[in-house]
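Chains U and A are the protein sequences, given in the same order.
For the first sequence, this note's numbering gives the first residue as 21, with consecutive numbering after it.
For the second sequence, this note's numbering gives the first residue as 2, with consecutive numbering after it.
One or more of the hints may lead you astray.
[Stated by the list, open to error] Just some of the chain U residues that point at chain A, by a computed CB distance under 10 Å: (1) T27; (2) S30; (3) K55; (4) N59; (5) I61; (6) P69; (7) L72; (8) G126.
[Said to hold, decoys possible] Pairs of lysine-lysine residues, derived as BS3-like cross-links and limited to a Cα-Cα distance of at most 30 Å, are as follows: (9) A:K4 to U:K128; (10) U:K44 to U:K70; (11) U:K55 to A:K66; (12) A:K44 to U:K99; (13) U:K44 to A:K20; (14) U:K128 to A:K64; (15) U:K70 to A:K68; (16) U:K128 to A:K44; (17) U:K70 to A:K44; (18) U:K55 to A:K4; (19) U:K70 to U:K55; (20) A:K24 to U:K44; (21) U:K99 to A:K66; (22) U:K55 to A:K20; (23) A:K24 to U:K70; (24) A:K24 to U:K78; (25) A:K4 to U:K99; (26) A:K20 to U:K70.
Hints in this document: simulated from the structure, not taken from any laboratory.
Think of the CB as a built atom: it goes at the ideal place given N, C-alpha and C, for glycine as much as any other residue.
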Amino acid sequence: DVVMTQTPVSLSLAIGQPASISCKSSQSLLGTSGKTFLNWILQRPGQSPKRLIYQVSKLYSEVPDRFSGSGSETEFTLKISRVEAEDLGVYYCWQGTHFPYTFGAGTKLELK
Amino acid sequence: QVKLLQSGAALVKPGASVKMSCKASGYTFTDYWVSWVKQSHGKSLEWIGEIYPNSGATNFNEKFKGKATLTVDKSTSTAYMELSRLTSEDSAIYYCTRSAYWGQGTLVTVSS
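Pulled out of the complex, with its shape left as it was, chain U reads as follows (with noise of 0.2 Å):
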């Protein structure tokens, strides 16, 4: 199975400041059809998993532009310009090119 490695586990910021979460992947995302299924996903506290990213950089159409993913093969990143309060929650990447699917152990960002 692809392995998915975030870091840091946690991030603590002030609003206003700017995120920066890394994910690798264990192989290569690009898969055969030339796409690469890397997304990205928030959690908030008590809630279901909300869609952020996908195909590594592509920001779905609710999610604000202070948001955006970069990266290719196996090394991405997502980055938040800068934080608001409605961004703290628990972000995983996760893999659609490979089965199984699998996801990043997570990266919590706490406020200040």
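Following the hints, put chain A in place on chain U, whose structure we already have.
Quick look at chain A alone, frame taken from chain U:
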């Protein structure tokens, strides 16, 4: 809008089975794969498997073969997952998802 409405929490005895549902609305049910994901208490996410409602085709995480059975009822746009021979390790929240839309989750507690 796309909605996935899952069945309520279940308390089941060890060795028993449980069947949960995921009722879809706001899109053509037969056009999209529906996945099921497990989240053990305070932990990360595990992909169980997926089903294509139009044909009933499935893909499974090897870890959950023999544990989970996926079915659909096209007439009611509902996906089902049955878990068998339950143990305490099966106590978790189970989510259904469709292309980045997530249900609210079903809490399963296995206890005598």
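Right, here's what the structure says about each hint:
For T27 of chain U, the suggested interface contact is broken, since its CB lies about 14 Å from the closest CB of chain A, more than 10 Å. With a least beta-carbon distance of about 13 Å to chain A, the hint placing S30 of chain U at the interface is violated under the 10 Å criterion. For K55 of chain U, the interface hint is violated, since its Cβ never comes within 10 Å of a Cβ in chain A; the closest pair sits about 14 Å apart. Hint on N59 of chain U holds. Least Cβ distance to chain A is approximately 7 Å, under the 10 Å limit.
Checking I61 of chain U against chain A: minimum C-beta separation of about 8 Å stays under 10 Å; hint holds. A cut of 10 Å between beta carbons decides the hint on P69 of chain U: the least distance to chain A is about 5 Å, and the hint holds. At a threshold of 10 Å, the smallest CB-CB gap from L72 of chain U to chain A is about 9 Å, leaving the interface hint in force. Annotation: G126 of chain U was flagged as interfacial toward chain A, and the flag holds, the nearest CB pair being 5 Å apart, inside 10 Å.
Restraint check: the Cα-Cα separation between K4 of chain A and K128 of chain U comes to about 26 Å, which is no more than 30 Å; the hinted pair holds. With a CA separation close to 21 Å, the supplied pair K44 of chain U and K70 of chain U stays within the 30 Å bound. With a C-alpha separation of about 28 Å, the suggested pairing of K55 of chain U with K66 of chain A holds against the 30 Å cut-off. For the given pair, K44 of chain A sits about 23 Å from K99 of chain U by alpha-carbon distance, which is consistent with the 30 Å threshold.
Between K44 of chain U and K20 of chain A, the direct Cα distance comes to roughly 35 Å. Violation of the 30 Å bound is thereby established for this hinted pair. Proximity of K128 of chain U to K64 of chain A is assessed by CA-CA distance (about 27 Å); at most 30 Å being required, the pair is judged to hold. At most 30 Å may separate the alpha-carbon atoms for a hinted pair to count; K70 of chain U and K68 of chain A meet this at roughly 27 Å. The straight-line distance between the Cα atoms of K128 of chain U and K44 of chain A is roughly 12 Å, inside the 30 Å bound, and the hint therefore holds.
Pair hint K70 of chain U plus K44 of chain A holds up; C-alpha atoms about 16 Å apart against a cutoff of 30 Å. Only pairs whose Cα atoms come within 30 Å are accepted, and K55 of chain U paired with K4 of chain A is accepted, the gap being roughly 27 Å. Our distance criterion of 30 Å between C-alpha atoms is met by K70 of chain U and K55 of chain U, whose separation comes to about 22 Å. With a C-alpha separation of about 34 Å, the suggested pairing of K24 of chain A with K44 of chain U is violated against the 30 Å cut-off.
Of the supplied pair hints, the one linking K99 of chain U and K66 of chain A is violated, its CA atoms being roughly 36 Å apart against a limit of 30 Å. A threshold of 30 Å between alpha carbons decides the hint, and for K55 of chain U with K20 of chain A the separation of about 35 Å lies outside it, so the pair is violated. Proposed proximity of K24 of chain A and K70 of chain U is supported: the alpha carbons are some 18 Å apart, at most 30 Å. A hinted pair counts as satisfied when its Cα atoms are at most 30 Å apart, and K24 of chain A with K78 of chain U qualifies at roughly 28 Å.
Restraint check: the Cα-Cα separation between K4 of chain A and K99 of chain U comes to about 28 Å, which is no more than 30 Å; the hinted pair holds. Of the supplied pair hints, the one linking K20 of chain A and K70 of chain U holds, its CA atoms being roughly 24 Å apart against a limit of 30 Å.
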